[in-house]
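Asker: Chain by chain, the residues run as shown.
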Amino acid sequence: MLKRKSMAVGVALIAGAVSLAACSSGKKDAAFTPQELTDMLHLVMESDRAVYTKQVVNRLKEAGVIKATEHFTDDQTLPLPAQMFRFGSETVAGKTDKFSYSLQSNWAINKQNAPRTDAEKQGLTYIVEHPGENFYTTEELGGKKFFTAVYPDVAVAPVCVSCHNEHKDSPKTDFKLGDVMGGVVIRVPMDS
Amino acid sequence: MKKLIWLAWIILMIAAATYFGYRLLADANKTVFLVGETTDGHHQIEMACGACHTSPFGGGELLQESCVSCHGAELKSANDAHPKSKFTDPRNADRLEHLEARYCVTCHQEHHRDRTLPMGVTQPIDFCFHCHQDIADERPSHRGMGFETCASAGCHNYHDNRALYEDFLHKFADEPALKPSGRTPVLAGLAQKHPGMDIVPLSIGRADHATSRDEISHAWAQSAHAQAGVNCKGCHQPEASTVWEDKPGIAVCQTCHAAEAETFFQGKHGMRLNPELPISLSPMTPALGRLPFKSEAAHRELTCNSCHGAHQYDTRKAAVESCLGCHDDEHSRNYEKSAHAQLWKDELSGAAPEGAGVSCASCHMPRIEVDIASGKRVLVNHNQNDNLRPNEKMLRSVCQSCHGLSFGIDALADPQLIKNNFSAQPAAHIESVDMVKARPQTQH
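Read top to bottom, the protein sequences are chains A and B. Residue numbers 2 to 193, in this note's numbering, belong to the letters of the first sequence in order. Residue numbers 23 to 466, in this note's numbering, belong to the letters of the second sequence in order.
Don't take each hint at face value.
[As the list claims (entries may be wrong)] Within a straight-line C-alpha distance of at most 25 angstroms, the following computed BS3-like cross-link-like pairs (lysine-lysine) qualify:
no.	chain 1	residue 1	chain 2	residue 2
1	A	K145	A	K55
2	B	K367	B	K441
3	A	K146	B	K108
4	B	K108	A	K145
5	A	K96	B	K98
6	A	K99	B	K108
7	A	K122	A	K112
8	A	K99	B	K106
9	B	K193	B	K459
10	A	K169	A	K122
[Claimed, not checked] Label pairs and their calculated CB-CB ranges:
no.	chain 1	residue 1	chain 2	residue 2	range
11	A	S48	B	D156	50 to 58 angstroms
12	A	V66	B	D156	35 to 43 angstroms
13	B	H192	A	V66	54 to 62 angstroms
14	A	V57	B	N51	53 to 61 angstroms
15	B	R137	A	D75	33 to 41 angstroms
16	A	T92	B	D189	23 to 31 angstroms
17	A	D75	B	P202	40 to 48 angstroms
18	B	N356	A	V57	31 to 39 angstroms
19	A	T92	B	R137	30 to 38 angstroms
Everything labelled a hint here was simulated from the structure, so no lab data went into it. Quantities reported herein were computed from a predicted structural model and do not represent experimental measurements. Using N, Cα and C, we set each Cβ at its ideal position, and we do this for glycine too.
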């Protein structure tokens with residue numbers, strides 16, 4: 002029974018991989034549209050991020066066990082949720098170019114994480130002005146065409162708000178719980 | 023006439039093919055294939071072409087893999103501020119047109135020694151501009167500073183900023199130039215190295231091999247090896263099935279000192295003996311080096327015994343005397359006159375406590391804490407180049423043991439002070455710590 006289940010999971014994974022590959026290369030028989038694909042990717046990212054923020058960082062901070070700090074190696078603390086997200090992004094970047102993602106904000110603490118491309122600038126502004134909505138577009142970067150999706154990144158826990166409001170490099174200091182603090186930008190190449 | 027030219031051409035071609043074929047395939051000097059003079063970092067292994075050029079058909083990606091195979095772990099441990107993964111995001115495509123930061127060779131081209139800058143950099147040193155041209159808007163204190171000064175003024179490094187990041191500067195901003203009771207870390211003792219092991223020290227009468235040379239027996243009996251219960255055969259005939267070896271090689275040392283050997287192979291002293299090189303090279307000698315060395319030492323081969331001495335294995339001798347037996351540059355020649363040397367002499371004489379002295383090894387082969395299966399252990403990093411690329415890497419591992427961070431930054435940024443072996447005060451003050459102190463550290 003277990004073997005059959007494992008096989009089923011394996012088949013599903015392979016089918017998914019084939020579908021994703023087909024999608025990224027723009028084939029007509031793709032199982033998912035680029036938007037469906039980025040929506041699914043974002044769902045995983047958003048869920049993991051919220052779990053880490055609430056169940057690890059916020060919970061352990063409130064229990065007085067351990068804090069999350071920017072220089073967690075030197076401080077022997079936990080990585081900040083935003084860092085956790087970026088490390089995942091950089092790890093993915095080292096393994097595949099089938100998709101990429103980043104965390105950005107119009108009020109970025111590190112200015113390298115402010116929107117740079119026109120699509121990023123439009124998207125980051127759109128999700129702030131239209132709470133609850135995502136932003137989808139296409140853009141050409143380095144001679145390649147990309148499907149680009151921008152999703153709102155919401156302050157899900159008190160630590161999000163307190164950290165950003167208190168950080169010396171934060172350009173905005175009046176965030177509240179539930180505010181859109183920035184956005185997750187996911188890109189999928191449209192050309193093979 | 024035409025036939026004659028063709029004949030001459032064919033003969034010339036055959037001669038060239040024979041010459042280069044012989045050089046390539048026979049056990050002959052292959053320097054003829056070097057396309058340019060190698061950098062100071064790689065010249066020792068320049069004949070091990072395959073160390074970098076792993077395949078005749080490899081392109082940039084293969085070359086990149088070679089760079090990472092030797093330098094990747096170091097960059098990772100340095101918390102590399104500009105890893106490749108930061109530049110693979112398509113949003114940086116426009117930046118890559120100016121600086122292809124995904125590949126090491128963009129900034130570190132080999133075989134161009136004539137235009138290679140410190141740290142093996144072959145880019146114009148104002149390259150930070152490409153991504154950080156707006157820095158003055160974010161940091162008004164940086165207004166008017168030239169981009170050629172970012173990495174050359176003791177403030178920032180492209181890869182390793184562990185001792186230079188803003189919060190670190192702030193944390194140690196108010197340290198005094200000289201800490202009242204500075205000490206270097208204490209090396210792991212036998213009990214820490216071998217927890218739970220019953221170690222029985224050996225006396226001269228318990229040597230398991232007879233020698234007519236008393237000086238050898240006496241040197242061994244006073245050595246750490248005898249104290250650790252390592253007898254003659256422990257090195258000369260470690261397996262009963264093998265024959266007695268008069269001069270055991272590094273491989274024997276490695277059986278007990280693996281971590282030390284590993285770092286030795288990474289540095290300029292031992293890189294020619296690195297077992298991962300595609301060919302075997304002779305040990306390093308001062309004659310093969312590019313620094314000033316004593317002429318009488320020119321052909322001394324660098325192995326474990328060269329510095330530690332066979333049988334006595336005196337780490338104190340290895341910490342200064344051995345270094346100065348070969349090195350003859352201004353910095354080395356001025357050591358004996360320095361305050362560091364005086365402290366070392368005081369430690370050896372017992373006038374100063376253990377760890378108060380500063381030997382050559384204190385700075386260039388620092389004692390580092392490493393993770394081992396049973397916890398942490400302090401050992402000597404035998405890669406003498408590890409904290410010199412660039413020298414700000416010394417701040418945390420060395421200077422801050424005794425000196426304040428700001429003083430250390432000033433000292434390491436002063437080339438004249440380095441030449442006279444820190445026998446004066448730093449001539450200039452690097453303002454990075456002051457800038458941090460002047461900036462509000464919170465919003466409130």
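Asker: Hint by hint, note whether the structure agrees.
Answerer: Tested hints:
1. A:K145 x A:K55: violated (38 angstroms)
2. B:K367 x B:K441: Distance of about 21 angstroms is within 25 angstroms: holds.
3. A:K146 x B:K108: holds (20 angstroms)
4. B:K108 x A:K145: Holds - the C-alpha atoms of K145 (chain A) and K108 (chain B) are around 18 angstroms apart, at most 25 angstroms.
5. A:K96 x B:K98: holds (16 angstroms)
6. A:K99 x B:K108: Since the Cα atoms of K99 (chain A) and K108 (chain B) sit roughly 16 angstroms apart, the hinted pair holds (cutoff 25 angstroms).
7. A:K122 x A:K112: Answer holds: K122 (chain A) to K112 (chain A) is near 14 angstroms, not above 25 angstroms.
8. A:K99 x B:K106: holds (16 angstroms)
9. B:K193 x B:K459: holds (10 angstroms)
10. A:K169 x A:K122: At roughly 24 angstroms apart (the allowed maximum being 25 angstroms), K122 (chain A) and K169 (chain A) satisfy the hint.
11. A:S48 x B:D156: 50 to 58 angstroms: Hint violated: Cβ distance 35 angstroms, outside 50 to 58 angstroms.
12. A:V66 x B:D156: 35 to 43 angstroms: Taking Cβ atoms as reference, V66 (chain A) and D156 (chain B) lie about 40 angstroms apart, which means the hint holds.
13. B:H192 x A:V66: 54 to 62 angstroms: Violated - the Cβ-Cβ distance for H192 (chain B) and V66 (chain A), about 26 angstroms, lies outside 54 to 62 angstroms.
14. A:V57 x B:N51: 53 to 61 angstroms: holds (60 angstroms)
15. B:R137 x A:D75: 33 to 41 angstroms: holds (37 angstroms)
16. A:T92 x B:D189: 23 to 31 angstroms: holds (24 angstroms)
17. A:D75 x B:P202: 40 to 48 angstroms: violated (24 angstroms)
18. B:N356 x A:V57: 31 to 39 angstroms: The hint (31 to 39 angstroms, Cβ to Cβ) is violated, given that N356 (chain B) and V57 (chain A) are roughly 53 angstroms apart.
19. A:T92 x B:R137: 30 to 38 angstroms: holds (36 angstroms)
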